[in-house]
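Line by line, the protein sequences give chains L and B. Heads up: the first sequence begins at 1 in UniProt numbering, then just goes up one per residue. Heads up: the second sequence begins at 1 in UniProt numbering, then just goes up one per residue.
Treat the hints with care, as some may be off.
[Unchecked claim] Quick list of simulated restraints, FRET-style, between CB atoms:
(1) E134(L) to D471(B): 55 to 61 Å
(2) K508(L) to D258(B): 54 to 60 Å
(3) G316(B) to E498(L): 55 to 61 Å
(4) E498(L) to D258(B): 27 to 33 Å
If you're looking for bench data, these hints aren't it; they were derived computationally from the structure. Don't be surprised by glycine CBs; every beta carbon is placed ideally from N, CA and C.
Number of protein chains: 2
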Amino acid sequence: MKIALAQLNYHIGNFEDNARKIIEAIQKAEQQQAELVVFSELAVTGYYPHDLLERKEFIEQAEQTIEKIASACTNIAALVGAPSINTDSDGKQLFNSAFFLKDGQVQAIRHKSLLPTYDIFDEYRHFEPNKQFELIELNGKKLAVTICEDLWDEQPTHNVFGKNKLYTCSPFEELSKLKPDLMINLSASPFSHNQANWRKNVLVNKAIHYQLPIVYVNQIGAQTEIVFDGGSCFLKADGSIPVELAYFQEDFQIIDTDNPKAHTQAQTDYIAKIHEALVLGIRDYFQKSGFKDAVLGLSGGIDSALVCALAVDALGKDHVRGILMPSKYSSDHSVADAVQLAENLGIQYDTVPIQNMVNEFEKQLAPLFENTPSGVAEENIQARTRGTLVMAVSNKFGHILLNTTNKSECAVGYGTLYGDMNGGLAVLGDVYKTDVYKLSHYINREQEIIPINSIQKPPSAELRPDQKDTDSLPDYDILDDILFNYIELNKSPQEIIEKGFEQETVKKIIKMVNRNEYKRFQAPPILRVSSKAFGFGRKMPLVAKYD
Amino acid sequence: MKIALAQLNYHIGNFEDNARKIIEAIQKAEQQQAELVVFSELAVTGYYPHDLLERKEFIEQAEQTIEKIASACTNIAALVGAPSINTDSDGKQLFNSAFFLKDGQVQAIRHKSLLPTYDIFDEYRHFEPNKQFELIELNGKKLAVTICEDLWDEQPTHNVFGKNKLYTCSPFEELSKLKPDLMINLSASPFSHNQANWRKNVLVNKAIHYQLPIVYVNQIGAQTEIVFDGGSCFLKADGSIPVELAYFQEDFQIIDTDNPKAHTQAQTDYIAKIHEALVLGIRDYFQKSGFKDAVLGLSGGIDSALVCALAVDALGKDHVRGILMPSKYSSDHSVADAVQLAENLGIQYDTVPIQNMVNEFEKQLAPLFENTPSGVAEENIQARTRGTLVMAVSNKFGHILLNTTNKSECAVGYGTLYGDMNGGLAVLGDVYKTDVYKLSHYINREQEIIPINSIQKPPSAELRPDQKDTDSLPDYDILDDILFNYIELNKSPQEIIEKGFEQETVKKIIKMVNRNEYKRFQAPPILRVSSKAFGFGRKMPLVAKYD
Numbered sequence: 001m002k003i004a005l006a007q008l009n010y011h012i013g014n015f016e017d018n019a020r021k022i023i024e025a026i027q028k029a030e031q032q033q034a035e036l037v038v039f040s041e042l043a044v045t046g047y048y049p050h051d052l053l054e055r056k057e058f059i060e061q062a063e064q065t066i067e068k069i070a071s072a073c074t075n076i077a078a079l080v081g082a083p084s085i086n087t088d089s090d091g092k093q094l095f096n097s098a099f100f101l102k103d104g105q106v107q108a109i110r111h112k113s114l115l116p117t118y119d120i121f122d123e124y125r126h127f128e129p130n131k132q133f134e135l136i137e138l139n140g141k142k143l144a145v146t147i148c149e150d151l152w153d154e155q156p157t158h159n160v161f162g163k164n165k166l167y168t169c170s171p172f173e174e175l176s177k178l179k180p181d182l183m184i185n186l187s188a189s190p191f192s193h194n195q196a197n198w199r200k201n202v203l204v205n206k207a208i209h210y211q212l213p214i215v216y217v218n219q220i221g222a223q224t225e226i227v228f229d230g231g232s233c234f235l236k237a238d239g240s241i242p243v244e245l246a247y248f249q250e251d252f253q254i255i256d257t258d259n260p261k262a263h264t265q266a267q268t269d270y271i272a273k274i275h276e277a278l279v280l281g282i283r284d285y286f287q288k289s290g291f292k293d294a295v296l297g298l299s300g301g302i303d304s305a306l307v308c309a310l311a312v313d314a315l316g317k318d319h320v321r322g323i324l325m326p327s328k329y330s331s332d333h334s335v336a337d338a339v340q341l342a343e344n345l346g347i348q349y350d351t352v353p354i355q356n357m358v359n360e361f362e363k364q365l366a367p368l369f370e371n372t373p374s375g376v377a378e379e380n381i382q383a384r385t386r387g388t389l390v391m392a393v394s395n396k397f398g399h400i401l402l403n404t405t406n407k408s409e410c411a412v413g414y415g416t417l418y419g420d421m422n423g424g425l426a427v428l429g430d431v432y433k434t435d436v437y438k439l440s441h442y443i444n445r446e447q448e449i450i451p452i453n454s455i456q457k458p459p460s461a462e463l464r465p466d467q468k469d470t471d472s473l474p475d476y477d478i479l480d481d482i483l484f485n486y487i488e489l490n491k492s493p494q495e496i497i498e499k500g501f502e503q504e505t506v507k508k509i510i511k512m513v514n515r516n517e518y519k520r521f522q523a524p525p526i527l528r529v530s531s532k533a534f535g536f537g538r539k540m541p542l543v544a545k546y547d
Numbered sequence: 001m002k003i004a005l006a007q008l009n010y011h012i013g014n015f016e017d018n019a020r021k022i023i024e025a026i027q028k029a030e031q032q033q034a035e036l037v038v039f040s041e042l043a044v045t046g047y048y049p050h051d052l053l054e055r056k057e058f059i060e061q062a063e064q065t066i067e068k069i070a071s072a073c074t075n076i077a078a079l080v081g082a083p084s085i086n087t088d089s090d091g092k093q094l095f096n097s098a099f100f101l102k103d104g105q106v107q108a109i110r111h112k113s114l115l116p117t118y119d120i121f122d123e124y125r126h127f128e129p130n131k132q133f134e135l136i137e138l139n140g141k142k143l144a145v146t147i148c149e150d151l152w153d154e155q156p157t158h159n160v161f162g163k164n165k166l167y168t169c170s171p172f173e174e175l176s177k178l179k180p181d182l183m184i185n186l187s188a189s190p191f192s193h194n195q196a197n198w199r200k201n202v203l204v205n206k207a208i209h210y211q212l213p214i215v216y217v218n219q220i221g222a223q224t225e226i227v228f229d230g231g232s233c234f235l236k237a238d239g240s241i242p243v244e245l246a247y248f249q250e251d252f253q254i255i256d257t258d259n260p261k262a263h264t265q266a267q268t269d270y271i272a273k274i275h276e277a278l279v280l281g282i283r284d285y286f287q288k289s290g291f292k293d294a295v296l297g298l299s300g301g302i303d304s305a306l307v308c309a310l311a312v313d314a315l316g317k318d319h320v321r322g323i324l325m326p327s328k329y330s331s332d333h334s335v336a337d338a339v340q341l342a343e344n345l346g347i348q349y350d351t352v353p354i355q356n357m358v359n360e361f362e363k364q365l366a367p368l369f370e371n372t373p374s375g376v377a378e379e380n381i382q383a384r385t386r387g388t389l390v391m392a393v394s395n396k397f398g399h400i401l402l403n404t405t406n407k408s409e410c411a412v413g414y415g416t417l418y419g420d421m422n423g424g425l426a427v428l429g430d431v432y433k434t435d436v437y438k439l440s441h442y443i444n445r446e447q448e449i450i451p452i453n454s455i456q457k458p459p460s461a462e463l464r465p466d467q468k469d470t471d472s473l474p475d476y477d478i479l480d481d482i483l484f485n486y487i488e489l490n491k492s493p494q495e496i497i498e499k500g501f502e503q504e505t506v507k508k509i510i511k512m513v514n515r516n517e518y519k520r521f522q523a524p525p526i527l528r529v530s531s532k533a534f535g536f537g538r539k540m541p542l543v544a545k546y547d
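Bound-form chain L, shown alone (with noise of 0.2 Å):
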């Protein structure tokens, strides 16, 4: 069977773009002689419309958006993914569900099993699971159908307690009973620079373990904190992998199921997957509000120049401004390297500087504050003063003003609300500074972008004399690797003293990540390259007591 995989990027709400784009990859697949084109999940509203699914006039649209897609289907069968409304008198009110269509017209409609409910997902909350299982019959083969999580029924996602299968029904175990010919799933599987190798292996196991052969379609694209990577793929009952799209671009590719000829994709190593993962992120979500320009604050740090860099490959030179705003304690070779970093990337930049505005805080405050000692108040004042002038840049030219906080700040409230912390998208927040370091060195792997000095000189706030971050943190390298074991491994602070850290740091940080949920709750959007970033997928209670 001749099968189009047509791997697109998809913008919630929009029906009309995502439609257009859908039916040019039906007409592409049908001119190319394919019997069946399959999309990615939930290509009609684009992956994850949220609280929308439970607007009436939504739902509508993505109605009427499948029917005007079903009329291109006259020459060919199409499997797209769309919400439909479960017509059962009880139970949530839509499914997640494929479409099958075909002569002009919605043939069947398969929907999804298991419902994500972790870490970013929360489908449940809309949808209402499928419990029968039927194949889908096409040109005298027997196809099955699922949808994402559909596959993953035996992966041990939280497993602190040991458990090793989170759902009580297996779709493939069901659907092969009934001997299809091959397994379809429509995905929306994002990235994390570890999920690429997990989602193969699932799919490799399941070819094998069931003797199928698989057709999997992802989506590309970010939506807001999300990235979809694409590498959509067939295999082969054997578990092999002769086809694998593109990753982070779209892609379209016509096999043959009986002799399909090899595609297949470069390795790339996890620190250019995430370089990929955050362009494509600043990107779409530029594009996707109808934004073309960044600003952002260049202190002459790591940070900002790594997110700099970035932005430019994201958006293009001419449509990032850097704004320097020096005190009194920026050393200068900080503003040395701002200028440079700016001149390496061709960037419009300005200087304001802050100690006129910070002097007249101080003073009228200074009735106030009388006989008490300079703090971390007047330390806001300096990152708060800044925050304050980019965002009027911001306003004033209809430029998104790029965060460049990072996970390991992020975790510790190292940073200022309404100060550094402010900004329309963290780029870094999900990216530890000891991968900062590594993706600068690949920023600069042709030639010297981020000035050597940003990168080599010890991390500094500037807002005291003399500071280092090294003060009040451990260094970067046992920082983050007491943050990971936190954060992303959910372990105990006993079990990662257990793993050789000393307590009294643990103890120190973990009360430092504890104590900042409050700070967190107000920060940007964090684009999400890991298995646990801050945001909607890790939800704490702002006040409990934690220790």
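Mind docking chain B on chain L? Use the hints.
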């Protein structure tokens, strides 16, 4: 049977304090010869611990706390809510359970069957639903134990497609087949100004339908955004409610199920209830996070005046500090009204004019802003200068900044991110402007606390000369009605227009609501008093095409 209803205020993760309170209530019930004492849902952990439930050390502490509480139950039985580990080989790791404690031990565990996954609820994320139904025997009586949502199988919660049952299972139906003598429900049912009546209706209907008496135990207290209002009660099989516990405060009553002594609560109107909810919300936010003092900006307007009065009710006048921050656009009477309010309340206040900082910002930005007309960028500089000032006071003295944005403003994005949208807690973020007026009159019910001028003058942000809210918004009674239809009732724009509102106004307002998801994403937590508050009970994609 003599049963004690223990309606307490729990602190999430504070196992020591929660256990102490629970054990004190057990001892008190025992002294008063009760046979059973009933606590509310997840009493041991507090409701809702979110992803703390994924942490092993958290669950271990919950288990140890249950053991400790059990050992206090030597001459009395108790039903206590806590998570329990799911020992099956598959499914979610935990159940949301009621522990039956007697003779110093855990005698039985019953699990919640219906797990809410709508609005603010997200229980399927952590819990496996119960599917087995068994009674508990105590002193010759057969008790059916249910947990919160188990009551709500017939409530049409999200009904835009006309479905009237959200669940496919009815725990009351299943348990009633086993012929219990009494139904017991452990709850964590949050306040919204219509919820208390819904709840009573559901309970009455259940009692009558199953001809069963019901012991219903709710909790009180605020957990960041969510306020639990109590109102625990005992219903006879005929649906009458002889015993009702207090609202918004801890309470403890012993009932004889065969012969209950009447104990009822005075009826209050919805504005009085919202007042109580907000005061409790502020008080618990401070107390449970270990803070005593609030600071806020006083503009002379009604919103900040109301928040200030609520804060004084919650924390006491010695723990609230007002900051007046006039600009050149502030009218004389604004300053006078703010001073009058502070003096009426007897709080400390200071005046810090913002003009010098604003001038300095504009001077430094002049080279960048050359030849641009003054507009939103300049208005926001004023708001952010104020935001920086109050945060400086907050940081210096360890006060929490209270946010004064109301729901109408929050909906249409009428506020400045990192400016007047700053704060640790948004007190009025779920109160429409029309209710802000009603609450202000309620505050003034005995004497003028909020200056009548603050109530009567036309609302204005005072960010440019002669600015009025009505320059860009319809009158608040029209605005709030449109917003209520869109947000609370989930009506489509077309349905709202059909109710008689101007098409142009409806479309403009809804566009403003949708376009400002990005601002609300970074707003402080909002005290929830309605059935649909902004925050985690209403999740919308940030980057989407809405219209």
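Hint check:
| no. | hint | verdict |
| --- | --- | --- |
| 1 | E134(L) to D471(B): 55 to 61 Å | holds (59 Å) |
| 2 | K508(L) to D258(B): 54 to 60 Å | holds (57 Å) |
| 3 | G316(B) to E498(L): 55 to 61 Å | violated (46 Å) |
| 4 | E498(L) to D258(B): 27 to 33 Å | violated (56 Å) |
Figure legend: structure checked against the earlier numbered hints; hints not met, in rising order: 3 and 4.
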